[in-house]
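A.B. asks: What follows is each chain in one-letter form.
There are 2 protein chains.
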Amino acid sequence: MKRKGPWKVMGTRVVYKNPWIAVHEDRVIQPDGKKSIYGTVDFKSGSTIVALDKKGRVLLAYEYRYGGSRYSYECVSGGREKGETFLAAAKRELAEEAGLIAKYWKPFGCVELPTSIMNFQEYLFLARDFTKTKKSHEGTEVIRLRWVPLAKAYQMVCDGTITHAGTIVLILRVRELLQKKVR
Amino acid sequence: MKRKGPWKVMGTRVVYKNPWIAVHEDRVIQPDGKKSIYGTVDFKSGSTIVALDKKGRVLLAYEYRYGGSRYSYECVSGGREKGETFLAAAKRELAEEAGLIAKYWKPFGCVELPTSIMNFQEYLFLARDFTKTKKSHEGTEVIRLRWVPLAKAYQMVCDGTITHAGTIVLILRVRELLQKKVR
Numbered sequence: 065m066k067r068k069g070p071w072k073v074m075g076t077r078v079v080y081k082n083p084w085i086a087v088h089e090d091r092v093i094q095p096d097g098k099k100s101i102y103g104t105v106d107f108k109s110g111s112t113i114v115a116l117d118k119k120g121r122v123l124l125a126y127e128y129r130y131g132g133s134r135y136s137y138e139c140v141s142g143g144r145e146k147g148e149t150f151l152a153a154a155k156r157e158l159a160e161e162a163g164l165i166a167k168y169w170k171p172f173g174c175v176e177l178p179t180s181i182m183n184f185q186e187y188l189f190l191a192r193d194f195t196k197t198k199k200s201h202e203g204t205e206v207i208r209l210r211w212v213p214l215a216k217a218y219q220m221v222c223d224g225t226i227t228h229a230g231t232i233v234l235i236l237r238v239r240e241l242l243q244k245k246v247r
Numbered sequence: 065m066k067r068k069g070p071w072k073v074m075g076t077r078v079v080y081k082n083p084w085i086a087v088h089e090d091r092v093i094q095p096d097g098k099k100s101i102y103g104t105v106d107f108k109s110g111s112t113i114v115a116l117d118k119k120g121r122v123l124l125a126y127e128y129r130y131g132g133s134r135y136s137y138e139c140v141s142g143g144r145e146k147g148e149t150f151l152a153a154a155k156r157e158l159a160e161e162a163g164l165i166a167k168y169w170k171p172f173g174c175v176e177l178p179t180s181i182m183n184f185q186e187y188l189f190l191a192r193d194f195t196k197t198k199k200s201h202e203g204t205e206v207i208r209l210r211w212v213p214l215a216k217a218y219q220m221v222c223d224g225t226i227t228h229a230g231t232i233v234l235i236l237r238v239r240e241l242l243q244k245k246v247r
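Going down the list, the protein sequences come from chains A and B.
As numbered in our numbering, residues 65 to 247 make up the first sequence, in order.
As numbered in our numbering, residues 65 to 247 make up the second sequence, in order.
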């Protein structure tokens with residue numbers, strides 16, 4: 065028997081696994097003493113990068129997101145490979161997807177969702193001061209990139225066009241950062 | 065054969081299901097023409113509520129989050145029941161978990177994560193002007209509530225204490241809102 069906070073875990077089994085996700089079902093005793101099951105999903109954690117250019121524009125990718133069955137505007141992101149730091153993953157993804165190498169990097173912590181069932185962290189970074197390199201897309205990726213003025217990206221957060229959590233947090237944090245500098 | 069953006073879906077099957085999540089595995093043809101599989105997770109969408117009192121404090125819940133195997137500071141949140149609107153779910157959750165009925169409600173859109181595999185939306189709300197009601201916790205919930213000054217909650221976002229995406233977005237948005245009013 066293992067404890068997880070106020071839960072007791074009597075047993076666990078992998079009910080589904082593929083190269084990207086693993087789903088576990090635990091037999092648990094709830095905080096109130098009742099028996100139940102708990103299903104959780106492990107997903108490869110990764111990095112999301114807001115690239116900000118000298119004109120104050122941010123780089124948004126327009127990509128089909130299979131989970132939600134729709135296209136979505138999001139900052140460049142991708143999973144961390146084995147042995148990589150989240151910063152190294154961020155640098156690799158920005159080079160592969162956008163063909164950019166950045167001199168300046170600033171971390172903005174990580175976001176998680178939905179925390180009740182997912183074991184997944186997305187680390188956030190701001191990247192600036194670019195030189196160009198060759199892109200190398202994966203066969204699963206069809207990405208349209210667009211430099212968008214920060215004020216326009218903020219508008220897209222406010223009007224609900226952007227719903228990707230990591231992207232929203234990055235746009236709000238970068239906006240704060242630039243406003244502080246102006247004052 | 066069904067199309068999902070640049071993907072072709074040749075077939076789908078439920079590989080795991082419990083009362084909370086459903087996991088599908090699709091047989092797909094990737095955008096580059098290669099055959100593969102794609103696993104997705106359906107999870108009940110819900111609402112997250114930042115309660116803001118007259119002293120400028122926000123209500124944070126300290127709760128064990130089973131997915132990430134750790135305790136987490138988050139705004140009050142919960143799944144939407146069948147037939148409910150997200151606002152109705154927000155009102156019900158705030159009453160059940162915090163014993164609060166709010167007169168003032170403001171929506172702040174929704175957040176999603178991770179969009180590549182999850183079909184899940186979390187709708188965000190600000191609630192103000194409270195009267196009290198009786199709490200009614202579920203047997204799965206052990207929640208410690210704490211009113212925290214907004215500046216302190218913002219500090220908890222900046223130092224990485226808060227990682228729950230919906231909570232971070234709400235704290236940043238409420239901070240913006242109050243700063244606009246002061247000016």
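Do not take every clue at face value.
With a straight-line cut-off of 20 Å between C-alpha atoms, the simulated DMTMM-like cross-links for lysine to aspartate or glutamate are [said to hold, decoys possible]: (1) K68/A <-> E202/B; (2) K108/B <-> E205/B; (3) K119/B <-> D106/B; (4) K72/A <-> D193/B; (5) K244/A <-> E148/B; (6) K68/B <-> E89/A; (7) K170/B <-> E205/B; (8) K108/B <-> E202/A; (9) K72/A <-> E160/B; (10) K81/B <-> D106/A.
Chain A side only, calculated, beta carbon under 7 Å to chain B, not exhaustive [unchecked claim]: (11) I93; (12) D96; (13) F194.
Cβ pair distances, simulated, as ranges [unchecked claim]: (14) W169/B <-> H201/A: 20 to 26 Å; (15) M74/B <-> S100/A: 32 to 38 Å; (16) V78/B <-> V206/A: 24 to 30 Å.
I should point out that these hints are in silico values taken from the structure, not numbers from a laboratory.
These figures come from a predicted structure and were not determined experimentally.
Backbone N, C-alpha and C fix where the C-beta goes; we use that ideal spot for every residue, glycine too.
A.B. asks: Between the beta carbons of M74/B and S100/A, is the distance compatible with 32 to 38 Å?
C.D. replies: holds (36 Å)
A.B. asks: Hey, K244/A versus E148/B, does the alpha-carbon distance stay inside 20 Å?
C.D. replies: Not satisfied, since the Cα-Cα distance of roughly 41 Å exceeds 20 Å.
A.B. asks: Looking only at beta-carbon atoms, does the pair V78/B, V206/A fall within the given range of 24 to 30 Å?
C.D. replies: holds (27 Å)
A.B. asks: Hint check: K119/B vs D106/B, CA-CA at most 20 Å. Holds or violated?
C.D. replies: violated (39 Å)
A.B. asks: Against the 20 Å threshold, does the CA-CA distance of K108/B and E202/A hold or violate the hint?
C.D. replies: violated (31 Å)
A.B. asks: Given F194/A as an interface hint, is the shortest Cβ-Cβ distance to chain B below 7 Å?
C.D. replies: Check failed: Cβ of F194/A comes no nearer than 25 Å to chain B, outside 7 Å.
A.B. asks: For a C-alpha distance cap of 20 Å, please report whether K72/A and E160/B respect it.
C.D. replies: violated (24 Å)
A.B. asks: Measure nothing beyond the straight line between the CA atoms of K68/B and E89/A; if it is 20 Å or shorter, mark the hint as holding.
C.D. replies: violated (29 Å)
A.B. asks: Sort out whether E202/B lies within 20 Å of K68/A, counting only the CA atoms.
C.D. replies: Holds, at about 18 Å.
A.B. asks: Mind checking the alpha carbons of K108/B and E205/B for me, to see if they're no more than 20 Å apart?
C.D. replies: holds (17 Å)
A.B. asks: For a C-alpha distance cap of 20 Å, please report whether K72/A and D193/B respect it.
C.D. replies: violated (38 Å)
A.B. asks: Mind checking the alpha carbons of K170/B and E205/B for me, to see if they're no more than 20 Å apart?
C.D. replies: Outside the cut-off at roughly 26 Å; violated.
When held up to the earlier numbered hints, the structure conflicts with 3, 4, 5, 6, 7, 8, 9, 11, 13, 14 and fits the remainder.
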